[in-house]
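Peer 1: Heads up: the protein sequence lines correspond to chains A and B, in order.
Start counting the first sequence at 1; every next residue gets the next number (the working numbering).
Start counting the second sequence at 1; every next residue gets the next number (the working numbering).
The set of hints was computed from the structure by calculation and includes no laboratory data.
Incorrect hints may appear among the rest.
Claimed, not checked - To give an idea of the interface, some chain A residues facing chain B are shown, with a C-beta separation under 7 Å as derived from the structure:
hint : residue
1    : E194
2    : G195
3    : A196
4    : G199
5    : G202
6    : W245
7    : D314
8    : E318
9    : A323
10   : M324
11   : W348
Unchecked claim - Listed below are the simulated DMTMM-like cross-link pairs for lysine to aspartate or glutamate, each with C-alpha atoms no more than 20 Å apart in a straight line:
hint : chain 1 : residue 1 : chain 2 : residue 2
12   : B       : K88       : A       : D24
13   : B       : K217      : B       : E187
14   : B       : K36       : B       : D21
15   : B       : K88       : A       : D45
16   : B       : K88       : A       : E105
17   : A       : K155      : A       : D189
18   : B       : K2        : B       : D31
Stated by the list, open to error - Covered, in the sense of this in silico footprint (three residues per stretch, anywhere, with C-beta under 8 Å from a C-beta of chain A), are these stretches of chain B:
hint : stretch
19   : 30-44
20   : 94-108
21   : 126-140
22   : 243-255
Bear in mind the structure is a predicted one, so any value in this text is a computation, not a measurement.
Just so you know, even glycine gets a beta-carbon here, dropped at the ideal spot from N, CA and C.
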Amino acid sequence: MTETFIVRSARVLGGEPRDLVLRDGVIADVVQAGSARADGATEIDAAGLVALPGLVDLHTHLREPGREDAETVETGSRAAAAGGFTAVFAMANTDPVADTAGTVEQVLRLGQEAGYVDVQPIGAVTVGLGGQQLAELGAMATSAAQVRVFSDDGKCVHDAVIMRRALEYVKAFDGVIAQHAQEPRLTEDAQMNEGALSGILGLRGWPAVAEEAIIARDVLLAEHVGSRLHVCHVSTAGSVELIRWAKSRGIDVTAEVTPHHLLLTEDLVSSYDPVFKVNPPLRSARDVQALREALADGTIDIVATDHAPHPVEDKDCEWGAAAMGMVGLETALGVVAEAMVSTGLLDWAGVADRMSHAPARIGRLEGHGRPLEAGEPANLVLVDPEAQHTVVPAELNSRSRNTPYAGRTLPVRVMATFLRGRPTVLDGALVEAVTA
Amino acid sequence: MKRHLLSGADLDREDALLVLDTAAELASLTDRAVKKLPTLRGRTVVNLFFEDSTRTRISFEAAAKRLSADVINFSAKGSSVSKGESLKDTALTLEAMGADAVVIRHHASGAPHRLAHSGWIQGSVVNAGDGTHEHSTQALLDAFTMRRHLAGGTGDLEGRRIVIVGDVLHSRVARSNVLLLSTLGAEVTLVAPPTLLPVGVESWPCSTAYDLDGPLKNADAVMMLRVQRERMNAAFFPSAREYSRRYGLDARRMALLPDHAIVMHPGPMNRGMEIAAEVADSDRSVIVEQVSNGVSVRMAVLYLLLGGAQLGLGDDAPTTDAGAEA
């Protein structure tokens, strides 16, 4: 028996105020504001706050096992909850790689022990991310972790035959291959977006065609074998065009964009500060605009953080020696609000779709991304749409500090997060002792 | 002058001319029996070289010593760097030793920028070549050499036609030269196979060509860039022989140049590859002079960045703290 909460006067998806009664892990009732009654319930004043379904991140690097100096499942889970998430998909490029039932079950268990969000493991497509031999996808699918999303993220499944077989094989258990689209030969030692700026800065280019060529191949493969494909962190206007074309042909493809690709451009690389080094790289303003429009019109289905923590020493160095990646769980909603909501491209219902409903659906994750209605699991987040917050790296819940938004003021603030009726964030602060 | 010299773009026309004029003044020193000035006495200049480059290092070393600075040479090879010490820790060590200026050569583009703006050190940073980015003092010495031969040793390079040939894509010399020479009013043409021109080169302040013979006919100076033979392994060109045939400067091509035109090369040369021996050793070649001009230009840069005492080339006794104007 868990505590009962009455969330008073929350604007569900930004609509009219409603009271939500959370009891026994579910939304027991959604009623007219001010009318909910429950003896012994804890009242949450949510006047002026927007209620969204708990956010779901299809693309998180939690680094455990192997790089606990960068992040652990627990610290990453805390960061996720603080950012308004109730579920995250943990990428497979750990050490050891999550390419066996044993490893994905370990990550699942660590997530349950942490208790802040549901941690849903992603399995590797190939053994050791080596791109040569399929991992035991079926064993991971039938394990306790119930893996449905498979990805070699960090590396591209570049071999066309391996990709074809993987797409075919996971049909047996309704899985999806999440492709990190990066043609390896075109991007050897690539450091930043290839364009006029890379030429001036003398940094080796990561051309858009290296992403687009793989996406073009993969949507055609998915069509040929009738499989489901998900494209990770789409970063170019050309990729958007390809995905739009594929969807118009009825190909079963979904795509994600990261918050940073919706807001930041390659100009930041001129500082040579590796906090802006990420893969795929920051692109041009034209690409950013195309990605925003694609997310708004549904060509790109979801926002996924690609939260990629790195220890200080891997960023406090020269550009060429630095690791690629940015932390993003705690800033994702603010960035999306700035890039998409403030600009009028998405309303809160749209945010709920792109950051909760759709990612849960793509990842086949039950109990998340559900509507905020009576009888549904009580996974929700309360957001203050009028608040702002300035990003201070030292205040992040993540173990790592590599945020590209240091000192930047972002709109909105996560005031409360509930995971199956239990608060993980209250009054804008992480709840310290959550119990599973 | 800015506090650091990281890029050809750090110098506006006025600053560039100040460096060149100062270098000209300092060059007269080389003709003296005693080549040393007291200007930077008590100041410490560190040559921080993460890449082997004996030529550039000794040029900076000679420049600093002729200004009486204390010089510390820090070579990454065989040092703690090869044992995994980071750029940051190396920088903190130099800072603890009281470096007034750090001359850095690094294989990573942007490393000097990082050193200058990370807060690790307080002193001035001079880029002595970073990755495939820039080599600003090379551009200054090239401009200095061109000015001597093409502009009577004073003023800018307005309207002079400079042809730079070769591996522009990987060349820090080309980037710095395009920026500086265009600032000085020169018309720069880059000549290379399309594979060795960077994406976006059309936005640079210069023109480009794939054919060498045409631009040579009205060039005032032609600068041949070093081309590594191994580039053919990455399919930038089919073979060294074909490269040499299409883009090498041989006697036939040299004959296309106007009579006054000079031939330059930043060194080290691949004789027989981008430049024929008979061209390198010809009367038009100013390649050896580039080297000696390099010392004068680097003296000027260190002097101006460190705000040393008056040059004291005249009869007046050196005074303090009156140097670094602007």
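Peer 1: Check each numbered hint from earlier against the structure, then list the numbers of those it violates in ascending order.
Peer 2: 6, 7, 9, 10, 11, 12, 15, 16, 18, 19, 22
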